[in-house]
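Protein chains in written order, with our numbering: chain E, 855 to 1218; chain G, 26 to 440; chain P, 10 to 510; chain B, 1370 to 1514.
These are computed hints drawn from the structure, not numbers from a lab. Please note: incorrect hints may appear among the correct ones.
To be verified - Derived BS3-like pairs (lysine-lysine); straight-line CA-CA distance at most 27 Å:
| no. | chain 1 | residue 1 | chain 2 | residue 2 |
| --- | --- | --- | --- | --- |
| 1 | B | Lys1414 | G | Lys407 |
| 2 | B | Lys1407 | G | Lys77 |
| 3 | G | Lys430 | B | Lys1414 |
Unchecked claim - Not everything, but these chain G residues come out facing chain B in the computed CB check (under 8 Å):
| no. | residue |
| --- | --- |
| 4 | Arg82 |
| 5 | Asn84 |
| 6 | Tyr85 |
| 7 | Arg86 |
| 8 | Leu314 |
| 9 | Met341 |
| 10 | Ser343 |
| 11 | His350 |
| 12 | Arg396 |
| 13 | Ala425 |
| 14 | Lys435 |
| 15 | Gly438 |
To be verified - Computed far set for chain E versus chain P, every beta-carbon distance over 10 Å:
| no. | residue |
| --- | --- |
| 16 | Thr927 |
| 17 | Glu932 |
| 18 | Lys936 |
| 19 | Met947 |
| 20 | Glu958 |
| 21 | Pro968 |
| 22 | Ala1193 |
| 23 | Glu1197 |
Ideal Cβ positions, reconstructed from N, Cα and C, are used throughout, including at glycine.
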Amino acid sequence: MKLEGQVRIPSGCAIAAAISRDGKRMTGEMIANAMKPMHDRSNGLGGGFAGYGIYPEYKDFYALHMFFDCRTTRKDCEVFLKEHFEIVKSEIMPTRKIPAITDEPVIWRYFVAPLQSVLHAQQLDEEEFVARTVMKINTEHPGAYVFSSGKNMGTFKAVGFPEDVGVFYRLDEYEGYSWTAHGRYPTNTPGWWGGAHPFSLLDWSIVHNGEISSYDANRRFIEMFGYQCTLQTDTEVITYIMDYLLRRQGLTLEEAASVVAAPFWSTIEDKPPAERETLMYLRTVFPGLLITGPFSVVFGFRGGLMALNDRLKLRSMVVGEKDDMVYIASEEAAIRTMAPDAENIWAPAGGEPVIIRVKDGVVV
Amino acid sequence: MKQYVIIGNGVAAAGCIEGIRSVDSEGAITVVSKENHAVYCRPLISYYLQGKTDLQRMNYRSSDFYETMNCRVLYGKEAIKIDSAANHVLLNDGTTLPCDRVCIATGSSPFVPAFAGLETVEKKFSFMTIDDTLALEQAVNANSHVLIVGAGLIGLKCAEGLRDRVASITVCDLADRILSSILDKECAAVMQKHLEENGIRFMLGDSAERFEGNTAVMKSGKRVVFDVLVLAVGVRANTDLAKALGAEVNRGIIVDSHMQTTSPHIYAAGDCTEGEDISLGKRRVLALLPNAYMQGHCAGVNMAGGSAVFNKAIAMNSIGFFGLHAMTAGCYFSGEEGGEMYEQTGDGTLKRLFTKDGLLTGFILIGNVDRAGIYTSLIREKTNLDTIDFEMLKKVTTMAAFSGKSRREKLGGVV
Amino acid sequence: MSVDFIYPEFEVVRNDSRCIACRVCERQCANEVHSFDPKQGSILSDERKCVNCQRCVSLCPTRALKIVKSNCTLRENANWKDDTIKEVYKQAASGGVLLSSMGNPKEFPVYWDKILINASQVTNPSIDPLREPMETRVFLGKKPDRITRDQNGNIRCKLPPQLELSMPVMFSAMSYGSISYNAHASLARAATELGICYNTGEGGLHEDFYAYGPNTIVQVASGRFGVHKDYLDAGAAIEIKMGQGAKPGIGGHLPGAKIIGDVSRTRMVPEGSDAISPAPHHDIYSIEDLRQLVYSLKEATQYQKPIIVKVAAVHNIAAIASGVARSGADIIAIDGFRGGTGAAPTRIRDNVGIPIELALAAVDQRLRDEGIRNNVSLVAGGSIRCASDVVKAIALGADACYIATAALLALGCHLCRTCQSGKCNWGIATQRPELVKRLNPDMGAQRLVNLLTAWKHEIKELLGGMGINSIEALKGNRLMLRGIGLNEKELEILGISHAGE
Amino acid sequence: MKRVYVNEQWCLGCHLCEYNCAFANSGEADMVKALKGKPIYPRIKVEGTELVNFAVSCRHCTDPMCVKSCIAGALSKHDGAVCIDHSKCVGCFTCILVCPYGALSQGETGAIQKCELCLENACGEPACVKGCPNGAIVYEERDTL
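Build the full structure now, drawing on both the sequences and the hints.
Given below as structure tokens:
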């Protein structure tokens, strides 16, 4: 049977997220528990989390989380890493042995900084360099896979139910101001850890529920710009699209949202002239990045989250608040698990981005 | 509320009623009808004899006509005087009808010359009314020999109507040709031949001088024995009422293009009038059904305070005998009068077009009468023949002879 | 030659028990096949003259007529086919190049018919176009590489010139001259009503049609007929015709007999002179020359109009397209080898070029590989026959499609493929006034509008089935396609998987 | 009121309208049965020259001469349409004499026939319009000139 990446596998999902606008850090236990009431939205074939603010002591270094299929692969890959990065710390990922999670690969993490000499030689900025190098490893080093590459953040994922994945990765021992979670219901059983979500690149991470029908149009568009969609997952392509729009084209989150979940032409035509012009422009310039078909995503970035539904709102997603906290989940039950007295629960309209940032002045 | 009185109950009266009602739905209309019949189609009496219609179908309008039009009809009454000073009409029964506007639509009556011995003829008839027709129908049988005096429209239609009911029909006329008022010599000959082929016998240039019982003694001295005599010498407009009133009367009551007589508030329409024939450029009596209706309608509109003009009267006739049709219209000016004639003959067809001063003034068609109205309209509209392809039109009646623009106007708009 | 080697291709079958001798067939046949025999009171037919345009069949009020293929057969021969033998006879008799019209009728693979479209089931909802918005609007033209902002941080919204279409279909080039005034009027009016474009072809733009300029693509071809400043300014876009799918490498030839009256004036060619479009543009002998013409035309129109370069699908089309994409052109139109023509040498039409499906797939992938796909829009033409062909073309990577044969069919064309005779009984490929008037543009435009309205509905249904609600999400979305009965190489070129994979 | 108009720019002179008219008024369900082997009596007729063709049928005049001239009271206007009561017509042809368009003609029985807009027959809408292959005949409302 073909592995994820060799073939596109549709899947249904559960997602959840929580953020403290005050930048207060919380352990990953809460978000892991939030996935429990949505147990039936996953089928045990993938779960994962992303936490922001979890590596304050290494906040200036890229934290590379990696899967290796064996020790030899790791050794070979480390040679490659050393040619590109200064590795300030390398360690085996702390995990718990639990019966629900088995067959784990070799999981390591590295805190790295790009070698200035190599950066200079390639005439690339740091982020572009890191992104390319990650993609190079993922495409050219069979058996090695970088599944997290941001600063002061990290993703944790595995084959299993998400609540078990949380236990496995000892999330109760991490503290972050923002967490996202994902439970997966893929329609076949490749059982590959890399295929679990979130998908992340640099500081961006995506948890996604849905199956986008525009996938190949998006993929073939984005691949023109150096991205390689090795997993053939929606999450992966959405991550790359967001990276392209935010980092490479310099769009704001709102602008990016209006590309991927572009308003209908008829809606655009009813807007005030200046807004209309911009929306027209963005939709005309990036037609290949319009994402259609059902999706609800939570996009994590440094200092915030953005929740977004497809423009027809073909997937459930609700948002709630309590004090400085904001919660997002596929189902209200997940929010109530995290904050039984959450307020202002609402379902954002299709295509309407919900952007939450930590308050001004909060350093994350 | 206006009071209208219409004297007469023929087609002109019907037109007048409809004309009034197109403007005034309130006013009181009284119709004085000498005949005891609702308005009927007089020209159909010959078709009645032929069996092509019946009394029911001869009604000009549906049975609820007067009711729908909200008018009162006084049957079997005659108006004997119009008192315009007192604004009333006096009837033969002594009653008076108050009136604001009067339309004289008294039609015409048969003209019967003073033949010597006419009183000795047992069965003699005119051929104008239903009553005449019914009486005639009673008088004839398969063995009857009928003599018709007058080879005009009435006489010949009567002959056609009777042909299958009687043993023989002879038509005599002082004129040397039949239908002398509408056909020229050659055309009359074509039609005469056709009638003769259908069993009608003619004595032309000859007429009855006196009668001795069932025998007519002709001018030529010939004697014609008959059972039934029909007198169809001609008609006279009924103008007495108008004359008495002091309105100007010639052979008919003089009317202007609004159908008004020279007396105020008094109008006239139909066979009793004399108006302008635009093809002739002169006034004449045009005793034709279409004219009667249009005049009546025009009079009615004007009586009711509307504004209508009828100024396109021309002489025209569509007449057929035993399947051969003839259509005529307008005037046939001779060469001396400055006219020109175009002729086309064919298998049983004859066409004569008469032009003068760049206008079509008249035509005679025998046999092929398709789309004859196109010619008629040229006369009526006084169309300058230079503006159309008259060469084409001479040969065939077609709208193609008009310029594209004028054709598109005629066919492409609402008319 | 006194012996006619060729038995008539068609038989006119008249059902005498139904024929009422109304003579409509006689009046309607410009080839004078039918004639009335007054003696018998019946109609005779001379099938030698019949081209099977079906005009008489269509107009016969009692359906007394049909045209069938003659079953007079030569001895069967798998190598020497009937047509091949008859072509030899014709050339032996005439000594001339064989001429044909419309598209290649030979039995080459039609890849559209070997590609299947996906639909959503369970994991992803299909979308009902009757309930949800379903967008088909496209913009053709170069898209900027980078977003730029003004000093206030606002996005600078200046786009290179774009062609906006309400749906991804346009009427492709057919010149006034090759087709009639009324055919052009029908196309122009339909394009305007539909919010799409039609294309003048190399015949110039009749003065009556300047009013449709915003929906007109004006073509500049090798003969430069009818090209002047006002003409260039009149259109919504300018198309440089480098080639045509039906006759790659061949120019055009409109005989002097057709260069009369308005055609002559519109083309700016003297009455009666042949209008010969050279095979190459004589100022374009290489790609850099093309760039010069592209920029000349941009200069002439103040950079207000997108420039389309139309090329025939030939073997190295991907490389050609890559060059064109870097030439400054905004749109590349690729015309496949089944595209139609008003007249082409038969040998060329039937043997030169490649199918649009393969050409389109190769070009789209090549431009993406080179990262220049957004430099240009791609328009695919050359036998796009129906809405599913459009959907497949878009999914392979086209931005829009050109249709012409389908449009002519809507106008009444029955594909008799004798346009070159100039006696088109349907009033399309003719300049004879009595024939031209047979195409009433009121009806023609309406039928075209109907056709594309129907296609638009079908496109929306297909999109909805795929769970897509905007056409741009279909563009290049090859995952929505599967091949059926195709070999590995074909699948590779098309960039699609086989059905079942 | 809707009337039948012919746009001569598009009239091909194919004469189909005549056959469709004759068929519509034949009372037959099959055109072959209705028209085969006999002369036709259409109420619309194609006229023209080499260069131009057009079909003529009743204009349904606002002020129709034919109605006013009918000696038998067989012609009348109903809801704007000029109609004929065939039972009353005696075939005098006065209407032919007065119609400026040549729109009335002698029918198969000798009585007059004219376009009645197919309001009375099974067609229900003008058969000439429905059957015109080039949209040259239209049934529409137009303004008075």
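Structure-based check of each hint:
1. B:Lys1414 to G:Lys407: Holds, at roughly 26 Å.
2. B:Lys1407 to G:Lys77: holds, 26 Å
3. G:Lys430 to B:Lys1414: holds, 20 Å
4. Arg82: holds, 5 Å
5. Asn84: holds, 7 Å
6. Tyr85: holds, 4 Å
7. Arg86: holds, 6 Å
8. Leu314: With Cβ-Cβ at 5 Å, under 8 Å, it holds.
9. Met341: G:Met341 check passes; min Cβ-Cβ to chain B is 6 Å, inside 8 Å.
10. Ser343: holds, 4 Å
11. His350: Hint on G:His350: holds, closest Cβ of chain B at ~6 Å, below 8 Å.
12. Arg396: OK, holds: G:Arg396 within 8 Å of chain B, min 3 Å.
13. Ala425: holds, 5 Å
14. Lys435: holds, 7 Å
15. Gly438: Hint on G:Gly438: holds, closest Cβ of chain B at ~4 Å, below 8 Å.
16. Thr927: holds, 29 Å
17. Glu932: The assertion about E:Glu932 holds, with a minimum of 32 Å to chain P.
18. Lys936: Holds, because the least Cβ-Cβ distance between E:Lys936 and chain P comes to about 31 Å, which exceeds 10 Å.
19. Met947: Given that every Cβ of chain P is farther than 10 Å from that of E:Met947, nearest at about 32 Å, it holds.
20. Glu958: E:Glu958 is indeed farther than 10 Å from all Cβ atoms of chain P, at 28 Å.
21. Pro968: holds, 24 Å
22. Ala1193: The claim stands: E:Ala1193 keeps its Cβ more than 10 Å from every Cβ of chain P (closest is about 31 Å).
23. Glu1197: Non-interface label stands for E:Glu1197: nearest chain P Cβ at 31 Å, farther than 10 Å.
In this structure, every one of the numbered hints holds.
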